[in-house]
Amino acid sequence: MKGNFFISLRLFFERRRQSVIATLGVVIGTAAFIVMSSMVNGFQKYFLEEALNINGHVKIFVESTFREDRILRKVYKEGVFLVLGAKPKSVKDRISNYREILSKYAKDENVLGITLHLVGNGVISYGVKEKPATFVGIFPELEDKTLRISKYLVKNNLGQLERNKEAVILGIKLAEELGIKDIGKKVVLVSPNGTLHRLKVVDLLKTGITEIDKSRVYLHIKKLQDILGKPNEVNEVILKLKSADLAPVYAKRFTKETGYRAESWQESFKNFLSIFKIQKIITRSVVFAILLVSGFGIFNIIMMTVLEKKRDIAILKAMGYEKRDIILIFSLQGIIIGVFGGLAGNFLSYGILEWLETIKIEVEGIIRAEGFLLDRSISYHLQGFIFAVLVSFLASFYPAYRASRFHPVEVFRSGS
Amino acid sequence: MGADTVLKAENIKKLIGNYEILKGINFSVKKGEFVSIVGASGSGKSTLLYILGLLDTPTEGKIFLENKEVDFSQEKKLATLRNRKFGFIFQFHYLIPEFTALENVMIPMLKAGVDSKRAKEKAEYLLERLGLKDKILRKPYQLSGGEQQRVAIARALANDPLLLLADEPTGNLDSLNTQKVMEIFQELNSEGTTIVMVTHERELTRMTHRVVEIKDGEIVEETTLV
Ligand SMILES: Nc1ncnc2c1ncn2[C@@H]1O[C@H](COP(=O)(O)OP(=O)(O)OP(=O)(O)O)[C@@H](O)[C@H]1O
Ligand SMILES: [Mg+2]
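If you read the protein sequences in the order shown, they are chains A and B.
For the first sequence, this note's numbering assigns the number 3 to the initial residue and increments by one for each residue that follows.
For the second sequence, this note's numbering assigns the number 284 to the initial residue and increments by one for each residue that follows.
Worth flagging that the hints you see were computed from the coordinates, not collected in a lab.
Do not take every clue at face value.
What the hints assert, rightly or not - Here are the computed lysine-lysine pairs in the DSSO-like style, where the Cα-Cα straight-line distance is at most 27 angstroms:
| no. | chain 1 | residue 1 | chain 2 | residue 2 |
| --- | --- | --- | --- | --- |
| 1 | B | K360 | A | K4 |
| 2 | B | K422 | A | K4 |
| 3 | A | K153 | A | K272 |
| 4 | B | K416 | A | K4 |
| 5 | A | K208 | A | K312 |
| 6 | A | K202 | A | K244 |
| 7 | A | K258 | A | K216 |
| 8 | B | K403 | A | K4 |
| 9 | B | K368 | B | K345 |
| 10 | B | K418 | A | K312 |
| 11 | B | K296 | A | K4 |
| 12 | A | K325 | B | K498 |
| 13 | B | K291 | B | K313 |
| 14 | B | K359 | B | K296 |
| 15 | B | K351 | A | K312 |
| 16 | A | K325 | B | K360 |
| 17 | B | K313 | A | K325 |
| 18 | B | K296 | B | K400 |
| 19 | A | K312 | B | K498 |
| 20 | A | K216 | A | K157 |
| 21 | B | K416 | A | K325 |
| 22 | A | K312 | B | K313 |
| 23 | A | K131 | A | K216 |
| 24 | A | K325 | B | K351 |
| 25 | A | K325 | B | K368 |
| 26 | B | K291 | A | K4 |
| 27 | B | K291 | A | K312 |
| 28 | A | K242 | A | K258 |
| 29 | A | K167 | A | K183 |
| 30 | B | K405 | A | K4 |
| 31 | A | K4 | B | K400 |
| 32 | A | K312 | B | K359 |
| 33 | B | K291 | B | K422 |
| 34 | A | K232 | A | K188 |
| 35 | A | K106 | A | K133 |
| 36 | B | K359 | A | K4 |
| 37 | A | K325 | B | K418 |
Predicted, not measured: the structure shown is a model, and the values here were computed from it.
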């Protein structure tokens, strides 16, 4: 055993050129794995974290708040009948028992907070520009207590919503698109039933998630109820849970117990999650390809070493080294390459990540950020190292096995 | 079978395909003997030596090592026996090129489980005895042919073998180095090492106790010289 270690280590250090080349492949593979994992997961984690912070885990809601009959009724008064199928169906467009829900689920040990919304779609205009937007009527204090939206407000003016009934908060991207660069501007909100309302921008919402930043408008719920003509109505209840993983279970439970549609964040972000999955698959494939190439490099180098060292293997066997010993000597080479390559790859990736963190660039896509969003979890370093050792070991095993099968007499007979 | 018989071969046959390389060899070595095996090229000398050294398997026949029959089906046991009981020297030195002379000599001892400090001391001692005191840290390519072969001899002696098996140990050496190796063999033998040496140089057999001549896979003559 000791002899095997000694022989293997000596061979590794004496055959410097081959060892360095083989190790270099592993270094690059390991570093690529760590850096790519860090970048992809950093982005995904950031996105989900921010999105869940602002949107909660489970949404209990009713479909479209827009009543198709409303405009007709304006003209024809009560002479309008809306036929919604063979049998008249009661249209649920509000959550009438939200107080009940609130008191019932607030006690649940896995529910960290509940907040109430009135949500409606409409148009917002500034000057000649118009943009569609999602109006979210909130109880500012409750909203902040549950979802900490003030963390994402540029001016930290959430209190203004409470004090000033004409106040509105715009997603920063929406504001930009309207041409609003700062707070204090007056905008006009166009409700679904055509009424116009002048409001003052008191703050901007900057979550970094493009989808939210370019569509969301926060108002006091009372104001939105007025605008939409839905006094005291709530059509969305948001739950914040102890763990994001609980959301599907709770969504199912709420649907069953309350009769409203409840959607977990996993469902709401289905599209993003499947994009993320594809992203992960692509990353893994690339990393796998790199590891495969470095594994192949190791395989080649150990195979060459083994063929070149036929005579040495023969004499080792003549001197009493067993098949097992020969396998160990050469697969140990692989493990040494893996350990050195894995360690060096870790250092290299650490350096690269440190460097990436200092880089300031404007990223704009699904999210907006000022640099790379990196997940610096130690587990990627650990995984990278383990992969490096595993791949190197596997790559060297077959050549080592082949070496162990050499018959000394045949080698001696084949001449010097 | 005498108590002092170290190795005995009984009716050893070796077939490759349907060509019979060895045709029933009976041969034994006593403790302290220095035996030489001679014969023309292709007569089967090396084949016999490989079988005696448990490196190859006979098609038929038995080998007794210290009066115990060797079981050729147990590969692991054969390896251990080779490590503990035999020292091999070939025409080519087969030193591992990446290792120093010292390390090359240590290798059989490390397999035997000797601790590295002990192995190093012993290797130093052996190399010193063979006149390589100043060259223990050299790599094989930094040594002359004669020196390389002496390192190989030191390596063969590392585990104090019961039997030293040499196949044309001087085949690659000039007369001066051949002389030196033979002197070493005689000295080792006089100290009790049992040696079996294959050679095709007749005059070298004069320094041995017994000459066994092989022709076409058969022993045709056995001469005791002392
Ligand atoms: N694997 C093999 N296949 C076929 N023939 C073989 C094989 N191994 C050995 N032989 C034959 O067996 C015979 C004996 O070979 P061996 O090497 O024992 O001879 P030798 O006496 O040592 O010869 P030399 O003095 O040239 O070394 C030779 O004729 C050789 O061709
Ligand atoms: Mg021969």
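Verification of the hints:
1. B:K360 / A:K4: Holds, at roughly 19 angstroms.
2. B:K422 / A:K4: Since the Cα atoms of K422 of chain B and K4 of chain A sit roughly 21 angstroms apart, the hinted pair holds (cutoff 27 angstroms).
3. A:K153 / A:K272: Satisfied, since the Cα-Cα distance of roughly 25 angstroms is no more than 27 angstroms.
4. B:K416 / A:K4: The given pair, whose Cα atoms are some 26 angstroms apart, holds under the 27 angstroms limit.
5. A:K208 / A:K312: violated, 67 angstroms
6. A:K202 / A:K244: Answer violated: K202 of chain A to K244 of chain A is near 36 angstroms, above 27 angstroms.
7. A:K258 / A:K216: violated, 34 angstroms
8. B:K403 / A:K4: Between K403 of chain B and K4 of chain A the Cα gap is close to 14 angstroms, so the pair holds against 27 angstroms.
9. B:K368 / B:K345: holds, 17 angstroms
10. B:K418 / A:K312: holds, 26 angstroms
11. B:K296 / A:K4: At roughly 38 angstroms apart (the allowed maximum being 27 angstroms), K4 of chain A and K296 of chain B break the hint.
12. A:K325 / B:K498: violated, 35 angstroms
13. B:K291 / B:K313: holds, 9 angstroms
14. B:K359 / B:K296: Holds, because 23 angstroms separates the two Cα atoms, which is no more than 27 angstroms.
15. B:K351 / A:K312: Between K351 of chain B and K312 of chain A the Cα gap is close to 32 angstroms, so the pair fails against 27 angstroms, i.e. violated.
16. A:K325 / B:K360: holds, 12 angstroms
17. B:K313 / A:K325: Not satisfied, since the Cα-Cα distance of roughly 32 angstroms exceeds 27 angstroms.
18. B:K296 / B:K400: Not OK: K296 of chain B and K400 of chain B at ~43 angstroms, beyond 27 angstroms, violated.
19. A:K312 / B:K498: Cα-Cα ~31 angstroms, so violated.
20. A:K216 / A:K157: holds, 18 angstroms
21. B:K416 / A:K325: This hinted pair is violated, its Cα atoms lying about 34 angstroms apart.
22. A:K312 / B:K313: Given that 27 angstroms is the threshold and the Cα spacing comes to 34 angstroms, the pair is violated.
23. A:K131 / A:K216: holds, 14 angstroms
24. A:K325 / B:K351: Holds: K325 of chain A and K351 of chain B sit about 24 angstroms apart, inside 27 angstroms.
25. A:K325 / B:K368: Roughly 19 angstroms separates the two Cα atoms, so the pair holds.
26. B:K291 / A:K4: Not satisfied, since the Cα-Cα distance of roughly 34 angstroms exceeds 27 angstroms.
27. B:K291 / A:K312: Cα-Cα ~31 angstroms, so violated.
28. A:K242 / A:K258: With Cα atoms ~19 angstroms apart, K242 of chain A and K258 of chain A stay inside 27 angstroms; holds.
29. A:K167 / A:K183: With Cα atoms ~22 angstroms apart, K167 of chain A and K183 of chain A stay inside 27 angstroms; holds.
30. B:K405 / A:K4: holds, 17 angstroms
31. A:K4 / B:K400: Judged against 27 angstroms, a Cα distance of about 12 angstroms means the pair holds.
32. A:K312 / B:K359: Holds: K312 of chain A and K359 of chain B sit about 20 angstroms apart, inside 27 angstroms.
33. B:K291 / B:K422: violated, 38 angstroms
34. A:K232 / A:K188: holds, 24 angstroms
35. A:K106 / A:K133: violated, 39 angstroms
36. B:K359 / A:K4: Satisfied, since the Cα-Cα distance of roughly 18 angstroms is no more than 27 angstroms.
37. A:K325 / B:K418: violated, 32 angstroms
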